[in-house]
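A.B. asks: Please build the complete structure, drawing on both the sequences and the hints.
Residues per chain, in single letters:
There are 4 protein chains.
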Amino acid sequence: MATVQVNFFSKSMRREVSFNALLPVDLPVIPGQSETAIQQQPLKSLYLLNGYSGNQWDWITFTRIRELADRYRIAVFMPAGENHFYVDDEDKGELYGQYVGQELVAFTRELFPLSTRREHTFIGGLSMGGYGAIRNGLKYAEHFGGIIALSSAILPYKIANAEPGYSDGIADYKYFTRVFGDLSKLEGSDKDPEALVMQLKESGALIPNIYMACGTEDFLLDVNQRFRDFLLREHVPVTYTESAGVHNWDFWNDYITLALDWLASNEPSEQ
Amino acid sequence: MATVQVNFFSKSMRREVSFNALLPVDLPVIPGQSETAIQQQPLKSLYLLNGYSGNQWDWITFTRIRELADRYRIAVFMPAGENHFYVDDEDKGELYGQYVGQELVAFTRELFPLSTRREHTFIGGLSMGGYGAIRNGLKYAEHFGGIIALSSAILPYKIANAEPGYSDGIADYKYFTRVFGDLSKLEGSDKDPEALVMQLKESGALIPNIYMACGTEDFLLDVNQRFRDFLLREHVPVTYTESAGVHNWDFWNDYITLALDWLASNEPSEQ
Amino acid sequence: MATVQVNFFSKSMRREVSFNALLPVDLPVIPGQSETAIQQQPLKSLYLLNGYSGNQWDWITFTRIRELADRYRIAVFMPAGENHFYVDDEDKGELYGQYVGQELVAFTRELFPLSTRREHTFIGGLSMGGYGAIRNGLKYAEHFGGIIALSSAILPYKIANAEPGYSDGIADYKYFTRVFGDLSKLEGSDKDPEALVMQLKESGALIPNIYMACGTEDFLLDVNQRFRDFLLREHVPVTYTESAGVHNWDFWNDYITLALDWLASNEPSEQ
Amino acid sequence: MATVQVNFFSKSMRREVSFNALLPVDLPVIPGQSETAIQQQPLKSLYLLNGYSGNQWDWITFTRIRELADRYRIAVFMPAGENHFYVDDEDKGELYGQYVGQELVAFTRELFPLSTRREHTFIGGLSMGGYGAIRNGLKYAEHFGGIIALSSAILPYKIANAEPGYSDGIADYKYFTRVFGDLSKLEGSDKDPEALVMQLKESGALIPNIYMACGTEDFLLDVNQRFRDFLLREHVPVTYTESAGVHNWDFWNDYITLALDWLASNEPSEQ
Numbered sequence: 000m001a002t003v004q005v006n007f008f009s010k011s012m013r014r015e016v017s018f019n020a021l022l023p024v025d026l027p028v029i030p031g032q033s034e035t036a037i038q039q040q041p042l043k044s045l046y047l048l049n050g051y052s053g054n055q056w057d058w059i060t061f062t063r064i065r066e067l068a069d070r071y072r073i074a075v076f077m078p079a080g081e082n083h084f085y086v087d088d089e090d091k092g093e094l095y096g097q098y099v100g101q102e103l104v105a106f107t108r109e110l111f112p113l114s115t116r117r118e119h120t121f122i123g124g125l126s127m128g129g130y131g132a133i134r135n136g137l138k139y140a141e142h143f144g145g146i147i148a149l150s151s152a153i154l155p156y157k158i159a160n161a162e163p164g165y166s167d168g169i170a171d172y173k174y175f176t177r178v179f180g181d182l183s184k185l186e187g188s189d190k191d192p193e194a195l196v197m198q199l200k201e202s203g204a205l206i207p208n209i210y211m212a213c214g215t216e217d218f219l220l221d222v223n224q225r226f227r228d229f230l231l232r233e234h235v236p237v238t239y240t241e242s243a244g245v246h247n248w249d250f251w252n253d254y255i256t257l258a259l260d261w262l263a264s265n266e267p268s269e270q
Numbered sequence: 000m001a002t003v004q005v006n007f008f009s010k011s012m013r014r015e016v017s018f019n020a021l022l023p024v025d026l027p028v029i030p031g032q033s034e035t036a037i038q039q040q041p042l043k044s045l046y047l048l049n050g051y052s053g054n055q056w057d058w059i060t061f062t063r064i065r066e067l068a069d070r071y072r073i074a075v076f077m078p079a080g081e082n083h084f085y086v087d088d089e090d091k092g093e094l095y096g097q098y099v100g101q102e103l104v105a106f107t108r109e110l111f112p113l114s115t116r117r118e119h120t121f122i123g124g125l126s127m128g129g130y131g132a133i134r135n136g137l138k139y140a141e142h143f144g145g146i147i148a149l150s151s152a153i154l155p156y157k158i159a160n161a162e163p164g165y166s167d168g169i170a171d172y173k174y175f176t177r178v179f180g181d182l183s184k185l186e187g188s189d190k191d192p193e194a195l196v197m198q199l200k201e202s203g204a205l206i207p208n209i210y211m212a213c214g215t216e217d218f219l220l221d222v223n224q225r226f227r228d229f230l231l232r233e234h235v236p237v238t239y240t241e242s243a244g245v246h247n248w249d250f251w252n253d254y255i256t257l258a259l260d261w262l263a264s265n266e267p268s269e270q
Numbered sequence: 000m001a002t003v004q005v006n007f008f009s010k011s012m013r014r015e016v017s018f019n020a021l022l023p024v025d026l027p028v029i030p031g032q033s034e035t036a037i038q039q040q041p042l043k044s045l046y047l048l049n050g051y052s053g054n055q056w057d058w059i060t061f062t063r064i065r066e067l068a069d070r071y072r073i074a075v076f077m078p079a080g081e082n083h084f085y086v087d088d089e090d091k092g093e094l095y096g097q098y099v100g101q102e103l104v105a106f107t108r109e110l111f112p113l114s115t116r117r118e119h120t121f122i123g124g125l126s127m128g129g130y131g132a133i134r135n136g137l138k139y140a141e142h143f144g145g146i147i148a149l150s151s152a153i154l155p156y157k158i159a160n161a162e163p164g165y166s167d168g169i170a171d172y173k174y175f176t177r178v179f180g181d182l183s184k185l186e187g188s189d190k191d192p193e194a195l196v197m198q199l200k201e202s203g204a205l206i207p208n209i210y211m212a213c214g215t216e217d218f219l220l221d222v223n224q225r226f227r228d229f230l231l232r233e234h235v236p237v238t239y240t241e242s243a244g245v246h247n248w249d250f251w252n253d254y255i256t257l258a259l260d261w262l263a264s265n266e267p268s269e270q
Numbered sequence: 000m001a002t003v004q005v006n007f008f009s010k011s012m013r014r015e016v017s018f019n020a021l022l023p024v025d026l027p028v029i030p031g032q033s034e035t036a037i038q039q040q041p042l043k044s045l046y047l048l049n050g051y052s053g054n055q056w057d058w059i060t061f062t063r064i065r066e067l068a069d070r071y072r073i074a075v076f077m078p079a080g081e082n083h084f085y086v087d088d089e090d091k092g093e094l095y096g097q098y099v100g101q102e103l104v105a106f107t108r109e110l111f112p113l114s115t116r117r118e119h120t121f122i123g124g125l126s127m128g129g130y131g132a133i134r135n136g137l138k139y140a141e142h143f144g145g146i147i148a149l150s151s152a153i154l155p156y157k158i159a160n161a162e163p164g165y166s167d168g169i170a171d172y173k174y175f176t177r178v179f180g181d182l183s184k185l186e187g188s189d190k191d192p193e194a195l196v197m198q199l200k201e202s203g204a205l206i207p208n209i210y211m212a213c214g215t216e217d218f219l220l221d222v223n224q225r226f227r228d229f230l231l232r233e234h235v236p237v238t239y240t241e242s243a244g245v246h247n248w249d250f251w252n253d254y255i256t257l258a259l260d261w262l263a264s265n266e267p268s269e270q
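Protein chains in written order, with numbering that gives the first Met the number 0: chain V, 0 to 270; chain E, 0 to 270; chain Z, 0 to 270; chain C, 0 to 270.
Everything labelled a hint here was simulated from the structure, so no lab data went into it. Treat each hint with caution, since some may be false.
Pairs of lysine-lysine, BS3-like flavour, derived with a Cα cap of 27 Å [said to hold, decoys possible]:
| id | chain 1 | residue 1 | chain 2 | residue 2 |
| --- | --- | --- | --- | --- |
| 1 | V | Lys173 | E | Lys200 |
| 2 | V | Lys184 | E | Lys173 |
| 3 | E | Lys157 | E | Lys173 |
| 4 | V | Lys173 | E | Lys173 |
| 5 | Z | Lys173 | C | Lys10 |
| 6 | C | Lys184 | Z | Lys173 |
| 7 | E | Lys184 | E | Lys173 |
| 8 | Z | Lys184 | Z | Lys200 |
| 9 | C | Lys157 | C | Lys173 |
| 10 | Z | Lys157 | Z | Lys184 |
| 11 | Z | Lys184 | C | Lys173 |
| 12 | C | Lys184 | C | Lys157 |
| 13 | C | Lys173 | Z | Lys10 |
| 14 | C | Lys157 | C | Lys200 |
| 15 | Z | Lys173 | C | Lys173 |
| 16 | V | Lys173 | V | Lys157 |
| 17 | Z | Lys157 | C | Lys10 |
| 18 | E | Lys10 | V | Lys157 |
| 19 | V | Lys184 | V | Lys173 |
| 20 | V | Lys157 | V | Lys184 |
| 21 | V | Lys10 | E | Lys184 |
| 22 | E | Lys184 | E | Lys157 |
| 23 | E | Lys173 | V | Lys10 |
C.D. replies: The structure is reproduced here in structure tokens:
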């Protein structure tokens, strides 16, 4: 397992950015355990997004993702979300959506020995990063065979058409407008997961496999259920799990394991 | 010399951010050179800001700042500017100015053995970071005994009252409005270095010592000369140097050395 | 929580070395969770040692130690063991024991806001690092109020008086001689935990509180039981736990949590 | 330019090790400078070794190697020498020579998009690392088209047949024996650069192009001149430069630039 910190100039972000990577190209030798042969074929990859207030170190330090990357032989790339919900800020020239949905995929494939096949490429995240995985997994559906969305902050359900003065206790109207743009135009836009799904259906494009999980005591349970219901109504396959839990790392550490299990047993067929 | 990468939750930025630090608390032992005794008194500190398109790694990898930190026994802290000119984005809740001018100073003093005296605390930068050093050195003048401003992008001279459609080849009206706010209100605001100087003068507050340098072939020469002329007109002490050079690391590597020389020989008297 | 990578010149090692640190001087703000006030008193500290084949990244990436450091408000320092069992190599001038038992404690206290009290200072580790914690916790008992020893490779029980040709499947006579020196002189030396305990008892010095744990399927179970039996026979207090488990991160992730629980509830009385 | 920190399990070292890398796969966009098109062909590579007392951060923080890597479009890999002169410690199972001369070359070629051609692959270093570059560039001559050796600590000239009690002010008989093995067998061994050259000549194998430089006030000048004289006597091509200078980073920063100039203008013909 190579654990890697990368710093590079992102054209989408117009500046040097940092991400962390886990690359199971070698295997640790632990006394008392037998060594496994390494598969030398191109690696599967998972782009894994942090939540609000976190950065590229969250997943690697708060969960046991390193071991999972080894166990499932999957490269994991963790960029920094910078509280911008992985959507583009065109005015400032920080195209977070394009960065994680497109440039980072291309750049990591250029730098590392990765499979370039859609069915070997996944995007996941928690909370803000769960939204980011859904939004960019759908927006750039041609790149991703699967989406892992944990405790997702599918905020368009809450803030679409919000008016000045709106606040949900975490952030307010000004913040949401800064990040999502004109809130009266959010519904139906490419930041609205339902609109993105409908667009893929209409064009006959492939929709990534979707895995969702949320704790039953999570304050975001309602929007996760609502998106699940929408997917079911639209006959879009989704694996959805709920269990006792709140919005914390105990839940995410457990469910990233289950999600990678799901990935391994539901590998998209070759297309 | 301890070289340190720090990641912490910034309240001003509302998220985990990273900065690099150089802390001359020990000394390398190099064969053939005699070991110097280490002074154990609290360290002087320099907050050193990168330019547009760069991040916290620029100074440490593009210049020989590590050796200079050792030679001048000064701790150096390098945050990431993220193309935001070190001014606050209140809507998004990313208070870059408050972060580098206030929180980072307080946080590093809490974490490391630094002098808490104004005359031992400095802020510097290049290009966008030169502007950031001038702006935040003046805005938070109670924290800083000196300002080092290299090839500074003192953009208010250029973009104040700019109108839609304005572009300077690097960025455009939308970007500048995103970063600096309403451009028709820029003049006289706390993002206008001249206004900040006048305010300090009027209140009788101490103005940090200022060191400026710019290459004679630099595309930002005019705004550097203009600010120098303003300072001279207002009888604000400034050390200003020009020499053949463009907007690049050859110039900055040379002048950060000269600037630290200047710092050492112009240490503010105790006040 | 500041997560920190440090690189510095170690006099004990005669070269630049790297360690990782977790410093709970701030707290993350997670949406949906209330913010806790930060205690501003000097931090307790734990020097946490990796096993054979690992380095300073093991604990931080394989376990959830970051959250535990936050929860228990304890600074954690993770140096790299470099397969040398945390004992000195005097010929080469790499004094691993002195480095982790003495210099690193002094250096981190100089660099960070740590409590300098013995009863706030702990050493722990797993496998090779469990031995390292026992050996250096006893050798430098004046620095440490407690020892956490998980699945400890207390090898002197196995290799004392080993002869050329000896091999235990992991390493051989030449390796053990390189690391531990003359194996015929190991018993009774300062690399023999029993001898170190007897010496402390004889001199009337304080012995650190000891926490030991080992999996019942661990290939090192016998030496852990043997050292426990010795401690009990000598009336040296020890908290010893066994449960189903092998020599892997599942066990260590569980037991570092239990060990920090034990630390918190068995804080040494002030002396 | 991607700047990368890698941590991986080295089989030659039997443990996790860290190295730094510079990979000019992208280019920074600096305002006022025009963007250059990136060549997408596999990168040339330089394995660059630190001196005694340093580690993988030396070259990147003490020199301007990052810019040079960009300018010359060459990937640079910087492992840590750990005061072991890049020769194998077979007893401990730390095969430093095999690590930098063989495994690191293979591993980086597996992980990154590098040219696998000998004439695109170089090894260099300073002081202890200069010796390491000469020794391993010759020992693994089939991998390297060129050697850059600055202020090289070609110690076999000094310590061969040294006797107990020997000390050169930096290290002593015990240290040298620990690192180089039996000093009475050093001459003619694969740690003796002259012997390695003779062996290549006898077998008719290609000898890498050699670039040497040393300061005229350097305390290692004599051994550099002696090896140059040997090469000239043996009609082995060498580019040798001396100029005013001592054993420090001013010299190495200047000469790594000149050495890369030399590399670019003396690219080995395809073979």
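A.B. asks: If a hint holds in the structure, say so; if it doesn't, say that too.
C.D. replies: For each hint, the structure was consulted:
1. V:Lys173 / E:Lys200: 35 Å, violated
2. V:Lys184 / E:Lys173: 19 Å, holds
3. E:Lys157 / E:Lys173: Status holds; Cα separation ~15 Å.
4. V:Lys173 / E:Lys173: 17 Å, holds
5. Z:Lys173 / C:Lys10: 18 Å, holds
6. C:Lys184 / Z:Lys173: 19 Å, holds
7. E:Lys184 / E:Lys173: Holds, at roughly 15 Å.
8. Z:Lys184 / Z:Lys200: The hint holds at about 21 Å.
9. C:Lys157 / C:Lys173: Holds - the C-alpha atoms of lysine 173 (chain C) and lysine 157 (chain C) are around 15 Å apart, at most 27 Å.
10. Z:Lys157 / Z:Lys184: This hinted pair holds, its Cα atoms lying about 13 Å apart.
11. Z:Lys184 / C:Lys173: 19 Å, holds
12. C:Lys184 / C:Lys157: 13 Å, holds
13. C:Lys173 / Z:Lys10: 18 Å, holds
14. C:Lys157 / C:Lys200: Cα-Cα ~24 Å, so holds.
15. Z:Lys173 / C:Lys173: Holds, at roughly 17 Å.
16. V:Lys173 / V:Lys157: 15 Å, holds
17. Z:Lys157 / C:Lys10: With Cα atoms ~25 Å apart, lysine 157 (chain Z) and lysine 10 (chain C) stay inside 27 Å; holds.
18. E:Lys10 / V:Lys157: 25 Å, holds
19. V:Lys184 / V:Lys173: 15 Å, holds
20. V:Lys157 / V:Lys184: Status holds; Cα separation ~13 Å.
21. V:Lys10 / E:Lys184: 31 Å, violated
22. E:Lys184 / E:Lys157: Judged against 27 Å, a Cα distance of about 13 Å means the pair holds.
23. E:Lys173 / V:Lys10: 18 Å, holds
Hints 1 and 21 from the earlier list are contradicted by this structure; the remaining hints agree with it.
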